[in-house]
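J.: Take a look at the letters that make up each chain.
There are 2 protein chains.
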Amino acid sequence: MNSTAISDREYIEDICRRSRNVSRLGMTLSSTLKNKALLRIADLLAENEEEILAANRIDVEKAHEHGIGEVMADRLTINSKRLAGISDGIRQVAALKDPVGEILWGTKRPNGLEIIKKRVPLGVIGIIYESRPNVTCDCAALSLKSGNAAILRGGSEAVNTNRALVKVIRRGLADAGIPEDFVILIERTDRSLVNLFMTMNDYVDILIPRGGKGLISNVVENSRIPVIRTGTGNCHTYIDDGFDPQMALDIVINAKTQRPSVCNAMETLLVSEKAAVSFLPVIADALIERGVELRGCEKTVALCGSKIVPASELDYETEYNDLILAVKVVSDVNEAIEHVNKYGSGHSEAIITRSYENAKLFQDKVDAACVYANCSTRFTDGFEFGFGAEIGISNQKLHARGPMGLEELTSVKYIINGDGQIRT
Amino acid sequence: MNSTAISDREYIEDICRRSRNVSRLGMTLSSTLKNKALLRIADLLAENEEEILAANRIDVEKAHEHGIGEVMADRLTINSKRLAGISDGIRQVAALKDPVGEILWGTKRPNGLEIIKKRVPLGVIGIIYESRPNVTCDCAALSLKSGNAAILRGGSEAVNTNRALVKVIRRGLADAGIPEDFVILIERTDRSLVNLFMTMNDYVDILIPRGGKGLISNVVENSRIPVIRTGTGNCHTYIDDGFDPQMALDIVINAKTQRPSVCNAMETLLVSEKAAVSFLPVIADALIERGVELRGCEKTVALCGSKIVPASELDYETEYNDLILAVKVVSDVNEAIEHVNKYGSGHSEAIITRSYENAKLFQDKVDAACVYANCSTRFTDGFEFGFGAEIGISNQKLHARGPMGLEELTSVKYIINGDGQIRT
Numbered sequence: 001m002n003s004t005a006i007s008d009r010e011y012i013e014d015i016c017r018r019s020r021n022v023s024r025l026g027m028t029l030s031s032t033l034k035n036k037a038l039l040r041i042a043d044l045l046a047e048n049e050e051e052i053l054a055a056n057r058i059d060v061e062k063a064h065e066h067g068i069g070e071v072m073a074d075r076l077t078i079n080s081k082r083l084a085g086i087s088d089g090i091r092q093v094a095a096l097k098d099p100v101g102e103i104l105w106g107t108k109r110p111n112g113l114e115i116i117k118k119r120v121p122l123g124v125i126g127i128i129y130e131s132r133p134n135v136t137c138d139c140a141a142l143s144l145k146s147g148n149a150a151i152l153r154g155g156s157e158a159v160n161t162n163r164a165l166v167k168v169i170r171r172g173l174a175d176a177g178i179p180e181d182f183v184i185l186i187e188r189t190d191r192s193l194v195n196l197f198m199t200m201n202d203y204v205d206i207l208i209p210r211g212g213k214g215l216i217s218n219v220v221e222n223s224r225i226p227v228i229r230t231g232t233g234n235c236h237t238y239i240d241d242g243f244d245p246q247m248a249l250d251i252v253i254n255a256k257t258q259r260p261s262v263c264n265a266m267e268t269l270l271v272s273e274k275a276a277v278s279f280l281p282v283i284a285d286a287l288i289e290r291g292v293e294l295r296g297c298e299k300t301v302a303l304c305g306s307k308i309v310p311a312s313e314l315d316y317e318t319e320y321n322d323l324i325l326a327v328k329v330v331s332d333v334n335e336a337i338e339h340v341n342k343y344g345s346g347h348s349e350a351i352i353t354r355s356y357e358n359a360k361l362f363q364d365k366v367d368a369a370c371v372y373a374n375c376s377t378r379f380t381d382g383f384e385f386g387f388g389a390e391i392g393i394s395n396q397k398l399h400a401r402g403p404m405g406l407e408e409l410t411s412v413k414y415i416i417n418g419d420g421q422i423r424t
Numbered sequence: 001m002n003s004t005a006i007s008d009r010e011y012i013e014d015i016c017r018r019s020r021n022v023s024r025l026g027m028t029l030s031s032t033l034k035n036k037a038l039l040r041i042a043d044l045l046a047e048n049e050e051e052i053l054a055a056n057r058i059d060v061e062k063a064h065e066h067g068i069g070e071v072m073a074d075r076l077t078i079n080s081k082r083l084a085g086i087s088d089g090i091r092q093v094a095a096l097k098d099p100v101g102e103i104l105w106g107t108k109r110p111n112g113l114e115i116i117k118k119r120v121p122l123g124v125i126g127i128i129y130e131s132r133p134n135v136t137c138d139c140a141a142l143s144l145k146s147g148n149a150a151i152l153r154g155g156s157e158a159v160n161t162n163r164a165l166v167k168v169i170r171r172g173l174a175d176a177g178i179p180e181d182f183v184i185l186i187e188r189t190d191r192s193l194v195n196l197f198m199t200m201n202d203y204v205d206i207l208i209p210r211g212g213k214g215l216i217s218n219v220v221e222n223s224r225i226p227v228i229r230t231g232t233g234n235c236h237t238y239i240d241d242g243f244d245p246q247m248a249l250d251i252v253i254n255a256k257t258q259r260p261s262v263c264n265a266m267e268t269l270l271v272s273e274k275a276a277v278s279f280l281p282v283i284a285d286a287l288i289e290r291g292v293e294l295r296g297c298e299k300t301v302a303l304c305g306s307k308i309v310p311a312s313e314l315d316y317e318t319e320y321n322d323l324i325l326a327v328k329v330v331s332d333v334n335e336a337i338e339h340v341n342k343y344g345s346g347h348s349e350a351i352i353t354r355s356y357e358n359a360k361l362f363q364d365k366v367d368a369a370c371v372y373a374n375c376s377t378r379f380t381d382g383f384e385f386g387f388g389a390e391i392g393i394s395n396q397k398l399h400a401r402g403p404m405g406l407e408e409l410t411s412v413k414y415i416i417n418g419d420g421q422i423r424t
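Protein chains in written order, with the numbering used here: chain A, 1 to 424; chain B, 1 to 424.
Chain A with its partners taken away, still in its complex shape (with noise of 0.2 Å):
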């Protein structure tokens, strides 16, 4: 196909055509197959290192050009070490446990009939993500893994590098013998390209947005091919009236400074009327002095003073991904369950406590993917959990919540077998 002749639809609606011939191949590739792929990529990716370098030099200098910053620069470099670290990924992904074909339940009915329900790939999955071009790589094995064809649809800053590794990532699936079209890159990188793609449903079982809000509210808007909602964490630690101050202390500032900018980050303290009156002047100083801006309520500025600036509405609504936190005295473990319920993101929640049923009700209360008890809110995380793999937290109800690891890219499929039985 000459790709600079046909249109836009026409390029979408091929690749999801191919993509979608193939993945019917993926309910029956063994597990053989698919981990001797992933190991020749693995080995691929290093030694082709200097072609994929050389491309990645080319969008970090356009990059740059276009007044990128210095934090997005660093996302978008692959260095020798970062690719060595894709590659290690790849393998570890090889070394898990392949989860098609699992047998799920199974009966026999009173007829006669056997029933059991088997798991099966998703079939075809779309990615839609920005920047950083690992996550080309991590998607691209967990789909095959879990026996998936995958449409690849990422940024276009980081369009040269990810052309020369999914070239990489094709030449080790032919290699194994797979149909290389198990991977596809959405090479044009027009934004328009983007809500065309959306509208394969025909084609496309699943699509995952992995990127800031804006990206992700465009796909929950307009697409019609089932999403997953990924990433979006207003996440809170609230301070019950029993605790044990140390504790507090190690895992407020954790979950605010570990690392601000991921989902799984805390954007709102909230403390119990009890707590607060010690305790956060305490805390507040301690992560002011780590360079977090506080926001507080009424009563926080009345216990800390002028180094908290006054918080508004907005405040608790917002994801800040960064250094700044909100804070909010509440009356008790009820008022904070109700807090949490109406301005978080159905993410992670966590509640520091000494009182076993302060902790029940908050978990049992708490409408959220994760909630912990007496550790940080950062645990979210398929590699945390054990999966040993990660394609995104999962904040909505629907097939998948939290860490999605590689049983999150599998449906199911009843096999039923019969001696001549027909319904009366």
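Just so you know, not all the hints are guaranteed correct.
Identical chains blur together in the list; that is why a pair holds if it fits in one copy or across any two.
Claimed, not checked - Result set (BS3-like, lysine-lysine): computed pairs, CA atoms no more than 25 Å apart in a straight line:
1. Lys-167 <-> Lys-36
2. Lys-117 <-> Lys-167
3. Lys-213 <-> Lys-299
4. Lys-213 <-> Lys-342
5. Lys-108 <-> Lys-97
6. Lys-81 <-> Lys-274
7. Lys-167 <-> Lys-342
8. Lys-36 <-> Lys-97
9. Lys-213 <-> Lys-97
10. Lys-117 <-> Lys-360
11. Lys-213 <-> Lys-81
12. Lys-117 <-> Lys-97
13. Lys-360 <-> Lys-108
Derived from the structure by calculation, the hints contain no laboratory data.
With chain A held as given, fit chain B onto it using these hints.
T.: Just chain B, lined up with the frame of chain A:
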């Protein structure tokens, strides 16, 4: 709230907000309380038979005035016996195992964190459906049992019946001490309201359309709320080279004629070349005798003569839901699999064979929710599968596939207990 003075948007938003608010309680409602409410509703339906039947008569009369057909009028009608059946169905739901709170998985991580994965309600379920008023009670009962709040949007032709039923359901909830907003009926019947409803993704967790193709594709194309697509069934039966003729005859007749209007009825018969020579004329006569119109490929016409209407491409794509059957002679099981994967809707597919190898090939490679060997496709049904209930049959791959029972109306939640863990 004065319902005539407010706009459609305010009306719908008020319903969704009320539903969202009470839905939080669903996570902690005890089985005892939910069952108490269900049994109370079943009793109240019987006690209020007169009022319900009177409301239903208004709907049926109006429908006749609008020239509704006999079949549709019958679907709309509730009589004493049918109402008793509805009550029985609700009592059966009360007797089912409560899915909420089930521990699905657990682990202790090297850092001491204990993680458990629990089943929780989805939250707010929206159901958009047509005609049959029993759906109102089924969906309300299944939603309640699985701890979900339900917003019901029935067809305008059944609005009086639905209003009477929901009035009773809400009284039953209140009698058991559960907020009656756990079940809310959208009583305004303008079509535009459905489209407004579908934008309420801030309040509603999942939307299940139950009805004809127009309804379902409108929802899939326009909803911002995650949708479970149900009910489209272009199902096939393939007769392989070696087969038991009597079994094949029984199954084919059953799959096509026992209830042709439903989604798990057969729409296309595929017959291997070998089987076709002797068997196709026999099965054709048997089907024609039962009033089935056959639309066949060239080979079918050549074997069976002029009683076969020549089939077009469109016939293989069509879900007739009627006494019409497309027929095609294929070379072997591989061509059968190809045809099914090309034209099928991923619902229910069957092979009739004596070959272990071909049964396995068909069941492995056909991409559908339910793949049968040697029995009728008509078994795709929550009750036939032993789920004790059914809220629809999903033919998408995300979240739920195949018959959906109580478990498919749940999500999960991770509970993580620590003693001061922070991430390093």
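J.: None of the hints should be skipped; say for each whether it holds.
T.: Results for each hint:
| no. | hint | result |
| --- | --- | --- |
| 1 | Lys-167 <-> Lys-36 | within (17 Å within a copy, 62 Å between copies) |
| 2 | Lys-117 <-> Lys-167 | neither (37 Å within a copy, 39 Å between copies) |
| 3 | Lys-213 <-> Lys-299 | neither (31 Å within a copy, 57 Å between copies) |
| 4 | Lys-213 <-> Lys-342 | within (19 Å within a copy, 37 Å between copies) |
| 5 | Lys-108 <-> Lys-97 | between (28 Å within a copy, 19 Å between copies) |
| 6 | Lys-81 <-> Lys-274 | neither (49 Å within a copy, 61 Å between copies) |
| 7 | Lys-167 <-> Lys-342 | neither (46 Å within a copy, 29 Å between copies) |
| 8 | Lys-36 <-> Lys-97 | within (14 Å within a copy, 44 Å between copies) |
| 9 | Lys-213 <-> Lys-97 | neither (33 Å within a copy, 40 Å between copies) |
| 10 | Lys-117 <-> Lys-360 | between (34 Å within a copy, 15 Å between copies) |
| 11 | Lys-213 <-> Lys-81 | neither (30 Å within a copy, 54 Å between copies) |
| 12 | Lys-117 <-> Lys-97 | both (18 Å within a copy, 19 Å between copies) |
| 13 | Lys-360 <-> Lys-108 | between (39 Å within a copy, 19 Å between copies) |
Comparing the model with each numbered hint stated earlier shows that hints 2, 3, 6, 7, 9 and 11 do not hold.
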